[in-house]
Amino acid sequence: MSELRQVKPFLPIGTGARCMFTGITLVWALGGCAGSMVMVDAGLSPAQADPAADSSSGDSFSPTAQEEAVYRALVVRDPAPTCAQLSALTDDPLATLRTIVAHAQMPPWAPMRAASCMLDDHAQQAETDFVQWVTTEQTRGLALLVLGRLDDLPEPVAMRVAQAALAGVHAEAAREHISRLGDPSLLGLLDQDAPEQ
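185 is the number that my numbering gives to position 36 of the sequence shown; each next residue is one higher, with no gaps.
Please keep in mind that the hints were generated in silico from the structure rather than gathered at the bench. We put the CB at the ideal spot given by N, CA and C, even for glycine. Warning: the hint list may mix true and false statements.
To be verified - Distance windows between CB atoms, simulated: (1) 337 x 211: 41 to 51 Å; (2) 316 x 240: 31 to 41 Å; (3) 300 x 321: 13 to 23 Å; (4) 269 x 329: 17 to 27 Å.
Based on the sequences and whatever the hints tell you, model everything.
In structure tokens:
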């Protein structure tokens, strides 16, 4: 267990509230610290549902200082950090965001914000991640995020991700999202995917 560290308050929660945030136990104290938070055992946890996680490393995942800094920025609920602010905290923004998506489980907005920044700033480089999310059962939330943002992706990336989604475990959700977008190229995939009668 790492040493106790005092950090700024993130959310006002009642006296003695206790919650688990991805391997971080947050103890909210209202006494002398007036709403400050004490972080115990700070860190990201090993991914539990990520089938791509390296199984040879077991539970020995240990985040870097930069990954911890980006994670801490992401857990702040309001105001949410911008992708540019997160990128400034790390030498390799895409690798750091990938790590957070793979290992951060709580609060739920932390990995989703990291994934959003991957969509915003690294769409072409992260295409394989998006394909994995839309074809893996355990990553439904990430799949829905990507499907909802297909029209924000470069067209070739959007087409390949949509094709994978239509052939994967989230095919029904993919059809729904694509039909709402109205993009002729993506809608053409629905015609190709339609079952023959």
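| Quick one: are residue 316 and residue 240 within 31 to 41 Å, going by C-beta? | Given a distance of about 36 Å, which is inside 31 to 41 Å, the answer is holds.
| request: Just tell me: holds or violated, for the beta carbon distance of residue 269 and residue 329 against 17 to 27 Å? | output: Holds, at about 20 Å.
| said: Assuming the hint says 13 to 23 Å, is it satisfied by the Cβ distance from residue 300 to residue 321 or not? | reply: With a Cβ separation near 19 Å, residue 300 and residue 321 satisfy 13 to 23 Å, so the hint holds.
| request: Note whether the CB distance of residue 337 and residue 211 lies within 41 to 51 Å or breaks it. | output: About 46 Å separates the Cβ atoms of residue 337 and residue 211, which means 41 to 51 Å holds.
Hint compliance for this structure: every hint is met.
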